[in-house]
Amino acid sequence: MPDPVAVERIAEVLREPVPVRAEWRAGLLRGVGHLPAPTGRGEERRERRWQLRPLTAIAAGLVCAVAGAVVATLAMQGRRVVSQDALTSLTATMPLPGEMAAAGGRSTVRFVLVAPYASRVSLVGDFNGWNPSTMPMRRSTDGRAWLLDVSLAPGRHVYSFVVDGDLAPDPAAPRAGDDDFGVPSSVVLVNRAKT
Amino acid sequence: MRMHRLALVLVFTLAALSLASAQRPAAAPLTAADLPAQLTPETRQSIARLGDSLRSLHLPDEPLYAKAAEGVLKGADDARILAVVRTLARELGDARASLGSGADDVELTAGASALHVGATPAMLRRLQEARPETGAGHSLATALVALADLLTRKVPPTVAAAAIDSLVTRRAPVADFAALRAAVERDIEAGRTPEAAVTTRTQTLLRNIEGRRPD
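Order-wise, the sequence lines are chains W and S. Mapped onto our numbering, the consecutive letters of the first sequence carry residue numbers 1 to 195. Mapped onto our numbering, the consecutive letters of the second sequence carry residue numbers 1 to 215.
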C-alpha cells in the first residue's frame with residue numbers, strides 16, 4: 001500500500017503551475033488575440049450549397065444505395081449456395097461444404113477450419129496445384145476459425161489444410177480415399193446446376 | 001460540381017466491386033505446364049504423355065497433374081508419384097468402362113476414387129444402371145463420393161455398395177448422401193461397427209424417403 005501522506009505530497013508538487021516567463025506568456029496571448037474569430041461562414045456556405053441543390057444530394061444517396069445493394073448481392077451470392085443445400089446434416093462445429101450445387105458455372109465454396117491456436121492456415125488442393133502459398137485463410141472475427149471463400153468449377157475437388165506447416169484433412173468433410181502418399185485428404189463436390 | 005460528385009461515387013463503387021471479387025480467389029484448371037518444377041524433366045514428360053493419352057480417349061487429364069502436385073507437397077519421390085499417376089490413369093479408364101460413355105468428368109474422377117479404395121467395376125456398373133435417367137440430381141458423382149468415403153471408413157464393400165445403390169434407386173437427394181456419411185462417421189466414433197452403422201442409417205434414410213413421398 002502506498003503511503004497516503006507521501007502521495008499527497010507528490011500531488012501538491014504536481015498541482016503547482018509550471019513557471020513560464022512573463023514576456024513569453026504575454027507574446028502568446030497577443031498572438032491568440034490576433035487570430036480571426038470563427039464565423040462559421042464556411043459551414044454555412046456548405047449547408048447552403050446542399051439546400052440549393054437538393055437533387056444532387058438525392059442522386060448521390062440513390063447511387064450509394066444502389067451500389068451498396070449490388071455489393072451486398074455479390075457478396076451473398078456464393079454463401080447462398082452454402083446455406084440452401086445439403087449442409088444441415090454436417091457437423092455443427094463447422095459449416096463445411098460437403099456437397100453443394102453450383103448455381104450455373106462456378107460456385108463459391110466457403111472452407112472453414114476451427115483451429116483457435118494455429119498461427120497460420122492455408123488451403124491446398126487440386127484447384128491451386130497444391131501450392132500452400134496461394135490461398136492463405138483468414139482468421140474469423142472471434143479468432144476461433146479460419147475461413148476462405150474459393151470460386152470452384154463444378155467437379156470433385158481434393159483438398160487439405162496446411163496448419164502451421166503441417167497438412168491436416170478437413171475433419172468434417174468426406175475423406176478423399178486415394179491417400180496414396182500417406183497423408184489423408186478431403187473431398188468437396190461441387191455439382192453442376194440442377195436441371 | 002454535381003457530375004464531379006457522381007463520378008466520385010462511381011469510382012468508389014467500382015473500387016468496392018473489384019475488392020469484393022479480389023477477396024474470392026478463383027481456381028484455374030491445371031495443365032501439364034503446371035506440373036511442379038521439383039519433378040525431374042523425365043517425370044514431367046512421362047506424366048504429360050499420360051495426360052495426352054487420356055485426352056485422346058476423351059478422359060480428363062487434369063486429375064493426373066493435380067495428383068503429381070499433391071505428391072510433391074506430401075514429400076513423395078518421383079518414382080512413387082509416377083506410379084500413383086499411372087494407377088490413377090488406369091482407374092479413370094476403368095471408371096469409363098464401368099460408367100459408360102455418358103459419364104462426365106466429375107463422375108469419372110469420383111468413380112476412379114471409389115475403385116481405388118475397393119469398389120469393383122461391377123458395383124459402379126450397378127450404380128450406373130440404377131441411376132434415374134431424368135430429373136434433378138441425376139449425377140452419380142455424389143453417390144460415388146459417398147461410396148468412396150464409406151470404403152475409407154472400413155465399411156465392407158458389398159455393404160457400402162448396397163447402401164448407396166438403395167439410395168440411388170430411390171432417387172435420394174444429395175442431402176441424404178451427406179447425411180449418411182456424417183451419421184456413419186458419428187456412429188463409428190461412438191463405437192459401432194462400420195457395417196452396423198451403415199445398415200441402420202441407410203434403413204432410417206429409406207424410411208424417411210418413403211415418408212416424404214406424396215401418396
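No lab work stands behind these hints: they were computed from the structure. Treat the hints loosely; a few may be bogus.
Unchecked claim - Negatives, chain S to chain W, calculated, CB over 10 Å:
#, residue
1, 71
2, 76
3, 93
4, 96
5, 116
6, 141
7, 182
8, 196
As the list claims (entries may be wrong) - Label-pair restraints from in silico Cβ distances:
#, chain 1, residue 1, chain 2, residue 2, range
9, W, 61, S, 213, 50 to 56 Å
10, S, 49, W, 183, 25 to 31 Å
11, W, 147, S, 191, 31 to 37 Å
12, S, 79, W, 165, 43 to 49 Å
13, S, 87, W, 143, 41 to 47 Å
14, S, 49, W, 139, 24 to 30 Å
Unchecked claim - Among the chain W residues that face chain S by a calculated CB cut under 7 Å, a handful are:
#, residue
15, 117
16, 126
17, 174
18, 181
Each residue gets a CB set at the ideal place from its N, CA and C atoms; glycine is no exception.
Checklist entry - Okay, residue 87 of chain S versus residue 143 of chain W on CB: inside 41 to 47 Å? => result holds, 42 Å
Next on the checklist: According to the definition I'm using, a residue is off the interface if its beta carbon is farther than 10 Å from all beta carbons of the partner; does residue 96 of chain S meet that for chain W?
Outcome noted: Label holds. Min Cβ-Cβ 15 Å, cutoff 10 Å.
Item to check | Assertion that residue 141 of chain S lies farther than 10 Å from chain W (Cβ) | outcome: violated, 6 Å
Next on the checklist: Against the range 43 to 49 Å, how does the distance between the Cβ atoms of residue 79 of chain S and residue 165 of chain W compare: consistent or not?
Outcome noted: violated, 25 Å
Item to check | Given as non-interface: residue 76 of chain S, partner chain W, CB spacing beyond 10 Å | outcome: violated, 5 Å
Checklist entry - Does residue 196 of chain S sit more than 10 Å from chain W, CB to CB? => result holds, 19 Å
Checklist entry - Are all C-beta atoms of chain W more than 10 Å from that of residue 116 of chain S? => result violated, 5 Å
Checklist entry - Has the hinted range 25 to 31 Å been met by the Cβ atoms of residue 49 of chain S and residue 183 of chain W? => result Once the Cβ atoms are compared, 27 Å apart, the range 25 to 31 Å for residue 183 of chain W and residue 49 of chain S holds.
Item to check | 31 to 37 Å as the expected CB spacing between residue 191 of chain S and residue 147 of chain W, which holds or is violated | outcome: The hint (31 to 37 Å, Cβ to Cβ) holds, given that residue 147 of chain W and residue 191 of chain S are roughly 33 Å apart.
Item to check | Non-interface claim for residue 71 of chain S versus chain W (Cβ beyond 10 Å) | outcome: The claim breaks: residue 71 of chain S does not keep its Cβ more than 10 Å from every Cβ of chain W (closest is about 5 Å).
Item to check | Interface-negative label, residue 182 of chain S against chain W, beta-carbon threshold 10 Å | outcome: violated, 5 Å
Next on the checklist: Against the range 24 to 30 Å, how does the distance between the Cβ atoms of residue 49 of chain S and residue 139 of chain W compare: consistent or not?
Outcome noted: violated, 43 Å
Checked against the numbered hints listed earlier, the structure breaks hints 1, 2, 5, 6, 7, 12, 14 and 15; every other hint is satisfied.
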